[in-house]
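Here is how the chains run, residue by residue.
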Amino acid sequence: MSVPSDHSRDARDPPFGFWRRSYAMVVKEFIQLRRDRVSFAMIVMIPVMQLLLFGFAINTTPRHLPTAVLLQEDSDLARSILKAMENTAYFRFTREVHTVQEFDDLLLSGKVLFGVEIPRGFERAVRRGDRPALLVAADATDPVAAGSAMSALGMVVQTALQHDLHIGDPVALPFEIRTHARYNPAASSRLNIVPGLVGTILTMTMLIFTALSVTREIERGTMESLLSMPITPVEVMLGKILPYVLVGFIQAILIIGIGVLLFGVPVNGSLTLLALLSTLFITTNLAIGYTFSTIAQNQLQAMQMSIMFFLPSILLSGFMFPFAGMPVWAQYIGEGLPLTHYLRIVRAIMLKGATLPNLQYDAIALLALMLLAMTIAVMRFRRTLD
Amino acid sequence: MTAAASSARALAADIAIDVHGLSKSFGGREVVHDLSMQVKRGTIYGFLGPNGSGKTTTIRMLCGLLTPDSGEGTCLGYDIRRDADRIKRQVGYMTQRFSLYQDLSVRENLEFVARLYGVRDARGTARDMIKRLGLNGREEQLAGNLSGGWKQRLALGACTLPNPQLLLLDEPTAGVDPKARRDFWNEIHALAADGLTVLVSTHYMDEAERCHEIAYIAYGHLLAHGTVDEVIATSDLSTWTVSGDGLNALAAELTGKPGIDMVAPFGTSLHVSGRDRAAMEAAIAPYRDREGVRWQHGEPSLEDVFIELMTRATDNFQ
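So the sequence lines, in the order shown, correspond to chains A and B. Remember, our numbering sits 512 above the position in the first sequence when you count from 1. Remember, our numbering sits 10 above the position in the second sequence when you count from 1.
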């Protein structure tokens, strides 16, 4: 074959050139995907795990909600009423308190969603036909969680009592159930959603900021010279996290500001406390993102880890669905997520006006999660290229 | 203090790098095998060898970026296994691939390095370095936008900025034009004259000849070391230079003949070398009187020696 004709053939697009080149690209991408074991596993893990997790855990008509009892009279009737309430399956009595102060504190800190108060002389008043009041206080910051139990209360207690006690008029209860939707009397879901969004948005943005930070250094080749210089893992971590604490703080101010000005969400508690605990929450998320960055081998893996963390944060933290309605195992997972604790904090401060002693547990949990993430990150950080 | 310890310390004062039996494997493949070397303070030590011979791995072990599987030694008197932090403070490492921040400007990169090393006046030090590098007017340019030669100058500036005692340069002049290469080497000689020790890996023979001492490494084995003349003298290679017409044909005929280990064209002449002098003389005898070509007994060049070492290494270790 002569040389010129060879050349002219080379210059023309070969038959099916488009498909051949596309095919070459497809083959290359598959090979690369197969080599990246973690990404490959994630392709299966993300859909299956998340579906199983959330399918079983999410429940929009929650039952067995934690309830405190303020029992000022230990009578048979009182016991029967409580039993009847528990039989409805909506309530689960977790605490018995003796003073109004304890009762209020439990509601403020979010440890219980309901409180039932049986006043002194209740049974005598019933027998006298005085129709005394049985007080049921609900934490209505989450209208979904409180709503169904509240609406069912009157009817269900009545039938249960009739069955149990065989007393009184079948039409009317011999006492009055006085429900009190605290903190959010209008049951506005906006009051619940907006503070929740503060936490959700911060989780997403903070994770992304740091999740790529170490893998980016490795992929751009700057890690080699960074490691050859006298800097320690803790210093690298602080350097990567601290700038974003400020960024996160500004974001928090923006979101809370819009929530207050545009959506009319109140800030009933201390702004300083809110700022302080928000900063703690921001730092915790940054530390977790940074930890992912030290574990992931490339930016894709880091992104996938962030998503694996972000989805449960939305679904199992009590942001989308009532926390108390989830099965116990799912609640344990939720306790391991910073957003769960921050949601309690931000709702309690903004809507309930809670103070630090009410929020002690959640603040300590955030601090512990932050320290845990930082410890893992420092230990995982490879000081050599081995 | 024992006499041995004090003499060891006195020795350490003159020796910047002193390592013995370094080995390193990656995924079951041994990249560096039983490597020992000594580098005197204030010298420019050339580290030569083909791609993948273990040069980069050795340099990384010296500055604590990799942990040797076996072997030990000191760098500036500090143990390379235990004192990596101290070594890092006094060693400047210039990576093979540009590894400063492409999205930071020249000035910002230098200030970052200065701050990491705890230099008191980071801004002033960076400004002085910019002047010294001749980067005035480019200080606000992003490092990623610099040309290859300027990137290399910046990288050298960054690793000399904290006043290290030892410079480890991994193929610093790869892909740099000859003028920039010459300037670079002048700079390195100036630094060595100030007492700095420089270990530099390279492919270029002319650069090897600008080093005080050289070492040749192939397939993870250190094959030769010493001054350029020593390395050539110990090679036992006898070389003939052939000039004239029809050299291409002659080269084809000579290649593979027993006794002839290497035939390499050098411009208008041909270098023919062999390890065994007698066998080689016998092999070339029939071609000595060929019309139009002139045979001349010559000195092997450094390149001849290295290529010969490399082919021999291929036979032994591959």
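It should be emphasised that the hints constitute simulated quantities derived from the structure, not laboratory data. Take these hints with a grain of salt, some might be off.
What the hints assert, rightly or not - To spell it out: a stretch of chain B is covered by chain A in this simulated footprint if at least three of its residues, at any positions, have a beta carbon under 8 Å from a beta carbon of chain A; those stretches are:
no., region
1, 71-78
2, 97-106
To be verified - Here's a subset of chain B near chain A, in silico, CB distances under 10 Å, partners left out:
no., residue
3, Ile25
4, Asp113
5, Gly128
6, Ala165
7, Cys169
8, Pro172
9, Gln175
10, Phe194
To be verified - Below, in silico cross-link-like pairs of lysine to any residue (SDA-like), each with a Cα-Cα straight-line distance of 25 Å or less:
no., chain 1, residue 1, chain 2, residue 2
11, A, Lys540, A, Met561
12, A, Lys540, B, Gly37
13, B, Lys161, A, Glu729
14, B, Lys50, A, Met741
15, B, Lys161, A, Ile876
16, B, Lys161, A, Pro742
17, A, Lys623, A, Ile876
18, B, Lys161, A, His610
19, B, Lys161, A, Arg728
20, B, Lys161, A, Lys623
21, B, Lys141, A, Met741
22, B, Lys141, A, Leu738
23, B, Lys161, A, Glu736
Just so you know, even glycine gets a beta-carbon here, dropped at the ideal spot from N, CA and C.
Checked hints:
1. 71-78: Holds: 5 residues of the region 71-78 of chain B have a Cβ under 8 Å from chain A.
2. 97-106: holds (count 5)
3. Ile25: violated (21 Å)
4. Asp113: holds (9 Å)
5. Gly128: holds (8 Å)
6. Ala165: With a minimum Cβ separation of about 8 Å from chain A (threshold 10 Å), the hint on Ala165(B) holds.
7. Cys169: holds (8 Å)
8. Pro172: Interface hint status for Pro172(B): holds (8 Å vs cutoff 10 Å).
9. Gln175: violated (14 Å)
10. Phe194: Constraint on Phe194(B) not satisfied, violated at 18 Å.
11. Lys540(A) to Met561(A): violated (28 Å)
12. Lys540(A) to Gly37(B): holds (24 Å)
13. Lys161(B) to Glu729(A): holds (18 Å)
14. Lys50(B) to Met741(A): holds (23 Å)
15. Lys161(B) to Ile876(A): Roughly 49 Å between the alpha carbons, so the hint for Lys161(B) and Ile876(A) is violated.
16. Lys161(B) to Pro742(A): Given that 25 Å is the threshold and the Cα spacing comes to 22 Å, the pair holds.
17. Lys623(A) to Ile876(A): Answer holds: Lys623(A) to Ile876(A) is near 15 Å, not above 25 Å.
18. Lys161(B) to His610(A): Status violated; Cα separation ~75 Å.
19. Lys161(B) to Arg728(A): This hinted pair holds, its Cα atoms lying about 20 Å apart.
20. Lys161(B) to Lys623(A): Outside the cut-off at roughly 60 Å; violated.
21. Lys141(B) to Met741(A): holds (23 Å)
22. Lys141(B) to Leu738(A): holds (24 Å)
23. Lys161(B) to Glu736(A): holds (16 Å)
Taken one by one, the earlier hints fail for this structure at numbers 3, 9, 10, 11, 15, 18 and 20, listed in ascending order.
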